[in-house]
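Peer 1: Quick mapping for you: the protein sequence lines, in order, are chains A and B. Under the numbering used here, the first sequence has 202 at position 202, and the numbering climbs by one with no breaks. Under the numbering used here, the second sequence has 148 at position 148, and the numbering climbs by one with no breaks.
It is possible that part of the hints are untrue.
[What the hints assert, rightly or not] Partial chain A-side listing against chain B, Cβ under 7 angstroms, derived:
id, residue
1, F55
2, P58
3, S120
4, Y131
5, I154
6, P157
[Said to hold, decoys possible] Okay, derived cross-link-like pairs now, DSS-like style, lysine-lysine, Cα gap no bigger than 30 angstroms in a straight line:
id, chain 1, residue 1, chain 2, residue 2
7, A, K317, A, K104
8, A, K202, B, K11
9, A, K83, A, K166
10, A, K318, B, K106
11, B, K106, A, K317
12, B, K11, A, K83
13, B, K128, A, K104
Derived by calculation from the structure, the hints in this document are not laboratory data. We put the CB at the ideal spot given by N, CA and C, even for glycine.
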Amino acid sequence: MKEGMVSTEKKRILQEINIPLLAKVHEWFKTPKRVSEKIVRMGMYVLIIDLAFVFIFPFLFMLVTSLKTNTELYDITVNWVPKTLKFENYIIAFRALDYAIYSKNSLMITIMATIGHLLSCSFIGYGLARYQFPGKKILIFVVIIAMIVPVQTIIVPLYIVFANLKWLNTYLPVIVPTFFGYGLKGSLFLLVFRQFYLGLPKELENAAKIDGCGFIMTYWRIALPIARSAFLVTLLLSLVWHWNDFYEPAIYASKPSQITLPARLNELVAMVNRPPEGLFDEMALADGESTVNNAVLMAGICMVVMPVIAVFATLQKKFMQGIERTGLTGE
Amino acid sequence: MKKIKLNMKGKHILEGYVFVLPLIIGTSAFFLFPLYISIKLSFGHLIKMAGFQIEWSGVQNYLRAFIIDANFVPMFLKVVNQVFTRVPLIIIFSLLLAILLNKDIKCRGFFRTVFFIPFLLGTGEVMKQLLGQDVDKQVVSLADGTLIPREFLIYLGSNVVNAIDSFFGVIVLVLWNSSVQILLFLSGLQSIPAPLYESSKVDGATGWEMFWKITLPMISPIMLLNIIYTIVDSFTDITNPILPYIQNHAFSRMMFEYAAAMGWIYFAFIILLVLLVIGIMNRFTHMTEIKERVKS
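Chain B extracted, bound-state conformation (with noise of 0.2 angstroms):
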């Protein structure tokens, strides 16, 4: 057998195929496949599971979602106005406490364990079980007078204190749902040559200034990363109302096409966040430029 001479240009290339041969496969198999099929099918109409034949039907399909569901928008509505509301609150918590556990405090050990707890109970039905015994409105309650004395609450007005509670609660919750980020912070934290801050503290700069000419850009492709894993982690969370919905019409009520449709607008709403959010970090991520600078 006549042995195949490559160039190293020609070798590297092979060789590189051959690591990602894995995915290729599983790329096609258990994603690009399903999602024509899916895009399919929101277009269409099933008419017989095996083989995929499914017949032309225009956007009937998505209209169903926007004008005949009564169900849909508002619950869409209501889980994009969360996730507005969650995703910079969480990354901003997750920053803050990846930098304080950063810091050289005592039993750091301990303190990074605690905060990854809610990850440990918080990505499954363990968590939804635990909300439905109102744990979290358990943690800051300014109702029970605890906190503060009655007295003064009976001052504020119900009204306060409840606007007062529910912010809390959903500050909790934000808490419970930034372990991951934490973590991704605080290996991008480690990742900052030590000789940065040396020379800048050198030069007479303060912590504040060090924080956003040093430790920000130096993040922003964690950052990068952390936002978009935040915005997906919260539209893909138990407790969002859409997904169950979503299931139910496929598997219970069997409309396929339907759920496909109502899938896909989830996603492409999805991804144009994550669009948008990349373009807008694209501006101010100098990873590569902070970089060339160290080496040189």
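So that you can see chain A by itself, here it is in the shape it has in the complex (with noise of 0.2 angstroms):
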């Protein structure tokens, strides 16, 4: 009790005269139970910048070679702030890599191929949660085996059977099993969706069937609506893993003109080997600057990525809430 007096006393002479930090300080290690809850707490936030600097350097490293100078890229004394942006190494790349061209291609396949999966594994996902029907352990035992096996494994005949349909040098043959729950990690995308239900109550849509709501109408009006999170999550991965992948569309279609915009990231690489002649014509650059180097080449990568970083910024609160609310189990 007289201690606890004591304390405040000091507290507020400290307060008077007007030093709120020490203040602070004093109370903080006056209270021993919360010291080591807040060394831990400290200890957490540095563990977690330190990661957090790791994850982030990667990105850094592209932004800032990107406006490098042909001069900086060389000098090992520039490590971090290049004294001068040169904006132009994002012209040059965009030219190189013809970006207006293939960045239609990407579009073209992810936005169909995601579609595909929205719909198909919503559909699917919430059959193998809610029904009991005979073959449902095998058909999702195969599901889980068709995204262990690696697309390699049944590559060749897949392509047969493409060109038996006459779909090479077209994007069917990416975007069409999207839309039957197959395609790039769709079964990963059954999966959530099928434990997203799996969590979910059935109370709602029992009252809806009790209603007279037919069992399509069901799943169209009351399951497909709840589902956001699952949705959001689902989205946001099909995105990315499509606009990424090249493997597929570059055996699929493989002609110049349909390679999408990774793929596209080689032949600039290429380039940086051994610019082709007249691309710089117009541009009147500074000597030994119309380069095609590794400021141009992060340039180029910068763009690719560009547009997957800009759907995740806007997304991402939605996004992180998704991940929140995918766990409905325990309300």
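Assembling the complex is the task here: the two chains are given apart, and the hints tell you how they should meet.
Peer 2: Okay, here's the thing in structure tokens:
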């Protein structure tokens, strides 16, 4: 009791001489239980900031390098902040990549395939979660196996199948399977939706059915709108994977005019080693600045990932909320 | 037209089939059929592309992978080694990070975004190019002398420094590959009902005990999913030398049969590993038990 009074007195004095920080520090050490807690907390922040740095590093590296001039690129003393920002790198990369053409290809594949995944996986995932029917276990087993089989194991027969369907040199081999729960990591999304619906109470759907709602309508009106979080997760992951994927599109649609942006990066790498003639004729750049160097390559990479990052930045808040809400079981 | 009357159960089953119909079509067309052809191909010899005319030739293609081809086995072992070091690290780090991000910290949204950035960059050609510029080695590098004075480094000797550097290099790569896992763990952590923690706190459990007795058992289903995902992901990683090797044999050298056989060896190994993990994890998965306890 007495001790407490002394400490409040001390605190008052400290506040009187107007050192609020010191008062705070005093208070901080006065409560032993919280001290350890706070040290743990501080350690946590240190850890998380350190790790955040590791995670953000490639992005920063990319951004900084993409703005370096030719001389700065090979100057090891210029580590982080370039003295002059060379935005021309982006213009060069834009032309070298033929960004306007190839981004259209990538966009086409990405949007169609993502729509396919959203529609099919929510539909099938709902069925796999809510219905009991013979063969269900086998089906789920196959889905899990499909998740595990590397596409390289079945790529040859798939190629022949698509060749027989005359789908080669179109994007159909990439897009159509997504509408059937397959395609790039489709099985994962199936399981995401199934898991989501398994954790969701059935009461709402049962009520709708008692009120005379058909089973498809129950799905469409009740189950689909509730699954917003699963939708967001699938939407974002599918978008990113399809945008960055270049393996399958490059095999099925191999015409030079059909390749996607990430595949086009390879061409840019080739240009870094051997710049084509005539690319810089119209751009009167200073001597020694007119090469496709690593800075341009980084600018190109930046432009390739920019759409994905923009989408993520806009959806980020809802996406993270979606992650939080995916766990509805506890509510 | 006579309307077919079904009892409740029959109707239920029929509705279920309607929902999975696309999956059944997709499975047969885009998965089981190619899988079947691929097996046949790996045990045979392709005569004619159209109509899949394949002649049985025994295990010749498999023998080739193990005996004749000098590149395959060392490459395969290297990949396996890489996966075995990476997967446990990824799981541990992503769980740790998910728990950190699940805590009530400032700028949580910002940090969650940051931890997702490597995923945006890292699933394709982009990361390959970045790794080509040695980004991973630049994050933590003892050798440049900014972290530890040079004198101390000389005292340690270059072997030790290189070992530490390569260790950090592995950690950095591990972290960059754990974005999705962090996300999955995060959603798993969110789904643990808060009353569980509250009541155990009332009973005097420490944070450490709560982690082992509540958090870990409750997220064990997600853990299983995560481990499987990580194994598959690291086997199909773009930096993995085997995949281009198989692809090269299939599409550049037109050795379809041999490519299929290699694909099957690869797949067989992955599935054995996954089954092993499922078997082990099943002993520790208590999800249903806990759910029932919460309800009652």
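Peer 1: Each hint: holds or not?
Peer 2: Hints, one by one, checked against the model:
A hinted interface residue such as F55/A counts as satisfied when its beta carbon comes closer than 7 angstroms to some beta carbon of chain B; here the least separation is about 5 angstroms, so the hint holds. With a least beta-carbon distance of about 5 angstroms to chain B, the hint placing P58/A at the interface is held under the 7 angstroms criterion. For S120/A, the interface hint holds, since its Cβ comes within 7 angstroms of a Cβ in chain B; the closest pair sits about 6 angstroms apart. Taken as an interface hint, Y131/A checks out: its beta carbon lies about 3 angstroms from the nearest beta carbon of chain B, inside 7 angstroms.
Interface restraint check: I154/A against chain B, minimum CB-CB distance 4 angstroms, threshold 7 angstroms, status holds. The closest approach between the C-beta of P157/A and any C-beta of chain B is roughly 4 angstroms, which is under the 7 angstroms cut-off, so the hint is satisfied. Proximity of K317/A to K104/A is assessed by CA-CA distance (about 27 angstroms); at most 30 angstroms being required, the pair is judged to hold. For the suggested pair K202/A and K11/B, the alpha carbons sit about 18 angstroms apart, so the restraint of at most 30 angstroms is met.
This hinted pair does not check out: K83/A and K166/A have alpha carbons roughly 55 angstroms apart, beyond 30 angstroms. Only pairs whose Cα atoms come within 30 angstroms are accepted, and K318/A paired with K106/B is accepted, the gap being roughly 18 angstroms. Distance restraint check for K106/B and K317/A: the Cα-Cα separation of roughly 15 angstroms lies within the 30 angstroms cut-off, and the hinted pair is therefore satisfied. Of the supplied pair hints, the one linking K11/B and K83/A is violated, its CA atoms being roughly 72 angstroms apart against a limit of 30 angstroms.
Of the supplied pair hints, the one linking K128/B and K104/A holds, its CA atoms being roughly 23 angstroms apart against a limit of 30 angstroms.
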